[in-house]
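Participant: Once you've looked at the hints, go ahead and assemble the two chains, each given alone in its own frame, into the complex.
Sequences listed follow chains D and G, in order. Each residue of the first sequence is one higher than the one before, starting from 30 at the first, in this note's numbering. Each residue of the second sequence is one higher than the one before, starting from 153 at the first, in this note's numbering.
Honestly, the hints are just simulated from the structure, not real lab data. All figures in this text were calculated on a predicted structure; none of them were measured in a lab. One or more of the hints may lead you astray.
To be verified - The list that follows gives simulated cross-link-like pairs (lysine to any residue, SDA-like), each with its CA atoms no further than 25 Å apart:
#1 K247/D - K290/G
#2 K102/D - P123/D
#3 K218/G - S252/D
#4 K247/D - P355/G
#5 K200/G - S239/D
#6 K262/G - L243/D
#7 K264/G - L185/D
#8 K264/G - I190/D
#9 K177/D - A235/D
#10 K262/G - M246/D
#11 K247/D - K200/G
#12 K290/G - D194/D
#13 K290/G - R241/D
#14 K247/D - D225/G
#15 K102/D - F113/D
#16 K247/D - H162/G
#17 K177/D - K264/G
#18 K361/G - N180/G
#19 K290/G - F113/D
#20 K200/G - N159/G
#21 K262/G - R262/D
#22 K247/D - K361/G
#23 K264/G - W88/D
#24 K218/G - W88/D
#25 K290/G - R210/D
#26 K247/D - G293/G
What the hints assert, rightly or not - Label-pair distances were calculated between CB atoms; the ranges are:
#27 E308/G - T216/D: 53 to 63 Å
#28 M114/D - S276/G: 52 to 62 Å
#29 L203/D - M153/G: 44 to 54 Å
#30 P96/D - E348/G: 49 to 59 Å
#31 M153/G - R262/D: 38 to 48 Å
#32 D337/G - K208/D: 46 to 56 Å
#33 I206/G - E198/D: 22 to 32 Å
#34 S222/G - S239/D: 19 to 29 Å
#35 S221/G - T216/D: 42 to 52 Å
Claimed, not checked - Footprint (simulated), chain D over chain G, 3 or more residues, beta carbon under 8 Å:
#36 199 to 206
#37 264 to 276
#38 296 to 308
We put the CB at the ideal spot given by N, CA and C, even for glycine.
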Amino acid sequence: MTYVLTGDEKPLSGIGAFRAKVTTLDPRMRIVMTAVYAVVVVSLSNLWVLSAALGLSMWLLAYSGLPPRKTLKRMAMMDSFIIFMLVLLPFTIPGTPVFSVWGLEASWEGLRRAAEIALTANAVILAVMTLVGSMEPVTMGHALFALKTPERLVHLMMFTIRYIDVLREEYQRLRTSMKLRGFRPGTNWHTYRSYGYLVGMMLVRAIERSERILAAMKCRGFSGRIILLEDFRLGRSDLLFAAALTAALAALIWAEAIYAAS
Amino acid sequence: MLLLDLNNIHFAYPGLDPVLEGVSMQLNAGERLSIVGPNGAGKSTLLKIIMGLIAPASGTVAAFGKPCSSEADFHEMRRRVGFVFQDADDQLFCPTVAEDVAFGPLNLGKSKQEALAIVDAVLSRLGLMHLRDRVTHKLSGGEKRLVTLATVLAMEPDVLILDEPTNALDPSNYARLTEILKGLDQAILLVSHDPEFRAQVAPKEYHLKDRELVRV
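Bound-form chain G, shown alone (with noise of 0.2 Å):
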């Protein structure tokens, strides 16, 4: 089943050179992909427009069979699509961590007590139950990254999309995030710099360069 297809995906920054000319990628289910490129080549660009954050000047991005135009199509997409981001603080915005990953769940039409069962849940698969009533700004860069991951697993995706998550984590962190997204039976799409961590998690590669897309 065919989850993410981007077609002929052109896009600028305004007043700008061109990031993006008639990019195109297919991610089917169980999937796992990653997507290498120099720094400020429109990588985390293109995740945003997969996201629907920004809107591409031509070119058409369908999720799971249905194409996304308006926002309404990419409200029912993320319901589907896990999106971590590069800095965790970004993501992490409630005060404390069972709220933070109760508010997916929330906002997905969950009930408090199903959203809570789902924090329990997804906070000891992950083996991060110590830090389930601690504040999100004073966790460490590595458990931050950890929780951000279990933020996003609490919606129960079918794609997760990963910008750098490798970011300024120490080995031992490193190993166990390398450890759980090796588990997980999710589609996923990585950007990554750091080629062993591909290997590993998303060894099918496409080439961001020169504004367009290649397989590798």
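Next up, chain D with everything else stripped away, as it sits in the complex (with noise of 0.2 Å):
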């Protein structure tokens, strides 16, 4: 069935919707090694070791087809999350400075703390956007069951997938309803008000929205359990795939320790 998910008509779009060559490896060995190599990637300290750690990644990145461009983009969409506080460290740690702006000093143990993070989150979330970003959400989904991931969540994860468009067109049409009727939000209890009515309107069509899912769902034999189409295996590219990653994530920790020891 993974054909009907990853075929040529991705059912979603995003970055999963290029045709990557890490879409044809297991989904659930994917999750699986960027788990491992997240943490191994973040108990590391050197910052030679996660220079090349980051180096790893790009390597993913590469392997993996998808258009760097874009995907590095994306990276530093991330980043823009975390640099306040890169900005910040060299002036909050305590230790021999280098330099001073305003009379604030900055350190060199801070300055060093900060390329850390930055590394290690980089590499990360470069990793975890090649290997697990290029799935689609609803194989991603499978795959976590496959994982024995509790079949709640993933139930909760695949109704939101299909659902939050519904959603999204319920709540367009709520405004467009409301704009034909010259409705202009501004700073007032009116405009509150209506708002309040929106989001409550929203609240009460979803849940009756889910009592008749629920319903068409008995209609069809539901008794608890969904059964999911998809079958996984285990090929042998994946298992060399993950021989490799391993021997990677291996070396560097490694190097970690031999640089600790020197």
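Facilitator: Below, the structure is given as structure tokens:
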């Protein structure tokens, strides 16, 4: 059934819409290896080793066949979340001063820590984007289920994928009808009240819809379990990929140990 | 053979006036009935009672000769009664059409291979094979309607219950739906406001008026 979800017509847009080489690998293996990768990289602390880890992530990106520019742009977007912390770190961690801005002294230790966090974060996020982010959300749900993630969580995720659009459309319809009756948002009670009604109506409709969906599922013999159609197979290329990545991670740990000892 | 047998059904939503008072109806094998009535007369409520989604205050529902009272009874009967909902978005909840059509057969205990075979058989019978791998929420209204019919037919029901199936269909999908329904051998219970559609699909009528069901 994999071809249903990863065939030419990509069900859900996003980065998965590109025909990436990495999508041929077993999604379960990709999720597990990403978790292992993240744990290993987070536990590294030497800057050289971390740079090597980022290099490894770059190699994953090159291997995955995802469009590099677009992926790196996304990675940079994540950086904007941590940039303030990175900028402030040198000034907040005490240590040997390097330079000063308006009387505030930046420390070597802080600078080092900032570089460490930046490298770690980027290496991990890039690996997550190439290995897991290239997956259809639906495939990911199925893979998580195959990895024994609690059924309820997987179903919650699948229903979210399916109905988020319906809810969005409902919201848009309500907004349009408000607009057509001359509603202009402003800073006044009328606006607040109207938005309150809008949100309340969305909630009521969502609850009612969920009840109707459950009824429809019951009518088709639903008894508490959704049987998923997808079967995953761990092939030779999957094992090879996992072995290669494990070897690379082992090398990183070894390098870290060497630097720590010296 | 008596497929559905409703006897003296009474029902009221909590805190509101009664919707149904002493409703009885029978559906025989191969029979095609439609229920007509003004908005809010309780047609959809009646269908929900038949499917066991809500319980009547009094009265009995029997399907295929067996009385249905507990959820377990209705679970059995729902395997043989297909219900097409008014809003297709309520019914299509799987990401892709194939998965949605397979949902029912899988619930009936079919293996994945069998379910996939049924998916292909039903979709090609309805001429919907081109929609097989499409995402359900991106289908057009007419396509959604036809796919909901496929999801129900995949369970090979003995009875088909349709709640306003022609809502918002364009003429070509309307004609297609009529053609498909006319070609089925299932017994049909139809709720529709469209006289022409009723005449074609289920000419025998019940009127739901003043909380009672009257054979026309």
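Participant: Now tell me if each hint is right for this structure.
Facilitator: Tested hints:
1. K247/D - K290/G: 24 Å, holds
2. K102/D - P123/D: 33 Å, violated
3. K218/G - S252/D: 21 Å, holds
4. K247/D - P355/G: 29 Å, violated
5. K200/G - S239/D: 16 Å, holds
6. K262/G - L243/D: Since the Cα atoms of K262/G and L243/D sit roughly 21 Å apart, the hinted pair holds (cutoff 25 Å).
7. K264/G - L185/D: 23 Å, holds
8. K264/G - I190/D: Since the Cα atoms of K264/G and I190/D sit roughly 23 Å apart, the hinted pair holds (cutoff 25 Å).
9. K177/D - A235/D: Not satisfied, since the Cα-Cα distance of roughly 29 Å exceeds 25 Å.
10. K262/G - M246/D: Judged against 25 Å, a Cα distance of about 17 Å means the pair holds.
11. K247/D - K200/G: This hinted pair holds, its Cα atoms lying about 11 Å apart.
12. K290/G - D194/D: 9 Å, holds
13. K290/G - R241/D: Given pair K290/G, R241/D holds - Cα atoms ~20 Å apart, limit 25 Å.
14. K247/D - D225/G: Holds - the C-alpha atoms of D225/G and K247/D are around 13 Å apart, at most 25 Å.
15. K102/D - F113/D: Answer holds: K102/D to F113/D is near 18 Å, not above 25 Å.
16. K247/D - H162/G: 23 Å, holds
17. K177/D - K264/G: 19 Å, holds
18. K361/G - N180/G: Roughly 23 Å between the alpha carbons, so the hint for K361/G and N180/G holds.
19. K290/G - F113/D: Distance of about 40 Å is beyond 25 Å: violated.
20. K200/G - N159/G: With Cα atoms ~15 Å apart, K200/G and N159/G stay inside 25 Å; holds.
21. K262/G - R262/D: Holds. K262/G to R262/D sits at ~21 Å (cutoff 25 Å).
22. K247/D - K361/G: 29 Å, violated
23. K264/G - W88/D: 38 Å, violated
24. K218/G - W88/D: Measuring from Cα to Cα gives roughly 66 Å; hence the hint is violated.
25. K290/G - R210/D: 29 Å, violated
26. K247/D - G293/G: 23 Å, holds
27. E308/G - T216/D: 53 to 63 Å: 60 Å, holds
28. M114/D - S276/G: 52 to 62 Å: 58 Å, holds
29. L203/D - M153/G: 44 to 54 Å: Check passed, 48 Å falls within 44 to 54 Å.
30. P96/D - E348/G: 49 to 59 Å: 53 Å, holds
31. M153/G - R262/D: 38 to 48 Å: 47 Å, holds
32. D337/G - K208/D: 46 to 56 Å: 49 Å, holds
33. I206/G - E198/D: 22 to 32 Å: Given a distance of about 28 Å, which is inside 22 to 32 Å, the answer is holds.
34. S222/G - S239/D: 19 to 29 Å: 24 Å, holds
35. S221/G - T216/D: 42 to 52 Å: Given a distance of about 57 Å, which is not inside 42 to 52 Å, the answer is violated.
36. 199 to 206: holds (count 3)
37. 264 to 276: holds (count 3)
38. 296 to 308: This one holds; 3 residues, not fewer than the three required, reach chain D with a Cβ under 8 Å.
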